[in-house]
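Input sequences plus hints: build the corresponding full structure.
So the chains spell out like this:
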Amino acid sequence: MVVLIILFVCLMNFFQKEIRGFFYWFSAPIQKVLWRAGDSTSDFFQGIVRVKTLKQELDELKLENQELLSQVVGLKNLKKENETLRQALGLGLQEDFKLVLVEIISKDISQDFILIDKGAKDGIAEDMPVITQQRVLIGKISEVYEGFSKVMLISHKESSFDAKIQKEEKDISGVVRGQGNFRILFDLIPREENLSQGDIVVTSVLGGIFPEGLLVGRIKQIKKNDVEPFQQAEIEAFFNISQIETLFIILGF
Amino acid sequence: MFKKILISIIVFYFLVLIQTSFLVHFTIFDAVPNIVLILVVVWNLLEKRKNHLGIVNALIGGFFLDIFSNRFIGFYVLILVGLAIFIKLIFKRYVRIPFINKI
Chain A
119 MVVLIILFVC LMNFFQKEIR GFFYWFSAPI QKVLWRAGDS TSDFFQGIVR VKTLKQELDE
179 LKLENQELLS QVVGLKNLKK ENETLRQALG LGLQEDFKLV LVEIISKDIS QDFILIDKGA
239 KDGIAEDMPV ITQQRVLIGK ISEVYEGFSK VMLISHKESS FDAKIQKEEK DISGVVRGQG
299 NFRILFDLIP REENLSQGDI VVTSVLGGIF PEGLLVGRIK QIKKNDVEPF QQAEIEAFFN
359 ISQIETLFII LGF
Chain B
11 MFKKILISII VFYFLVLIQT SFLVHFTIFD AVPNIVLILV VVWNLLEKRK NHLGIVNALI
71 GGFFLDIFSN RFIGFYVLIL VGLAIFIKLI FKRYVRIPFI NKI
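Going line by line, the protein sequences match chains A and B.
Counting in my numbering, the first sequence runs from 119 upward without gaps.
Counting in my numbering, the second sequence runs from 11 upward without gaps.
Treat each hint with caution, since some may be false.
[Said to hold, decoys possible] To be clear about the criterion: a stretch of chain B counts as covered by chain A if any three or more of its residues have a C-beta under 8 angstroms from a C-beta of chain A, and this derived list gives those stretches:
#, stretch
1, 30 to 37
2, 40 to 52
3, 78 to 86
If you're looking for bench data, these hints aren't it; they were derived computationally from the structure.
Just so it is clear, the structure is predicted and the values come from calculations on it, not from any experiment.
Backbone N, C-alpha and C define an ideal beta-carbon position, used for all residues, glycine too.
The structure is reproduced here in C-alpha cells:
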C-alpha cells in the first residue's frame, strides 16, 4: 500500500502540469462563480459587522481626500510643465504599460499564491508583474499553464524586490520582503534615514523586476535597533486579495 | 465501497473548490479554515477501527488539496493519510472517547 502511494505520488508529480491544467480548466467556471459569491457575501457581512467604525473611517477618508486633491492640483501643474519641457527637448511621452485583464479564480489555502484565468496562450510568461487598476503591485507570475497562471503575491516568503519611499529631499531605498500570510516587511533601510508612519512605499527600478512607481503599501510600524546597521518597517499592503476580482498583467515595460 | 468512494471524490472535490474560492473571503485571524482537514479528522475519529474509508477519504481530500495548492502533489496526501493512520492506529487504541457514537 505504502509503495503504491509513493509510486502514485511520483507519477503525479511527473505529469503535474498536465494534471493541474486539466483540473483548473475543468473547475474554472465553478470557481469563478464561487469567488464572486464569496466576494459579495463577505461584503454584505462586513458591512453589518463594521457599521460602527464606518463613520469614523468615512471622516478620515474625507480628510485624506482633501489632502490628495490638493496634491493632484500640484501634480497637474507639474505634468503640464513636464510635457512642455519634453516637447521643447524633442522627447516623446513615456508609453503606458501593455496590459492584459485577468480574473482571480482561487487562492492557495496555506501560501500566498493566487490562480488567474489567463495563461501561455494569452501571451503570459513567468515573472511578469501583476497589478490592480489603481497601479497597486500584487505580485508576479510564477507558473504558467496553457489557460491559467499562478501569481506569487508580494507577501510570499520567497518574494523580495527593491523599493523606495519618495521624499522631497531624498528617496529612501530598501528591500521589500514577503513574510507570508499577507505580511510585508521593508528591510535594509539605513539607520540614519528618517521614516515615518504612513509613508508610501513604491517600486524602484533598481532590481529590474518591476517597473518604477508601482504602489506597494504604507509604512505601519518602524523597527529601529541601536545595534543593527539597518532598520526595518512593517508595511500595510494596499490590496486585500479577497476584495479583488480583476487584475492586470504588465506584458512589457 | 466503490459507491462510497465515488461520493467521497465528489464531496471532497467540491469542498476544496469552496475552500479555495469561497471561504478565502471569510478569514479568521487571517487564516482560512481547512474544512477538508476537519472532515478527515472527524471522520476518522468517528469511524470504527476496522473500517478503512477514513484513510481513503484522507487520500482523496489530500489529492484535491494538492491539485489546488502550489506544493508538490503528495504533500497534503502524506499529511492527511499520516494523520488518519495516527488517529486509527494509535490515538483510538489508547484514548477512549465514550460520548462519541460509532458510525
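Taking the hints in turn, this is what the structure says about them:
1. 30 to 37: holds (count 8)
2. 40 to 52: Three-residue rule met by the stretch 40 to 52 of chain B, so holds; n is 4.
3. 78 to 86: It holds: at least three residues are needed, and the stretch 78 to 86 of chain B offers 7 whose Cβ sits within less than 8 angstroms of chain A.
Checked against the numbered hints given earlier, the structure satisfies every one of them.
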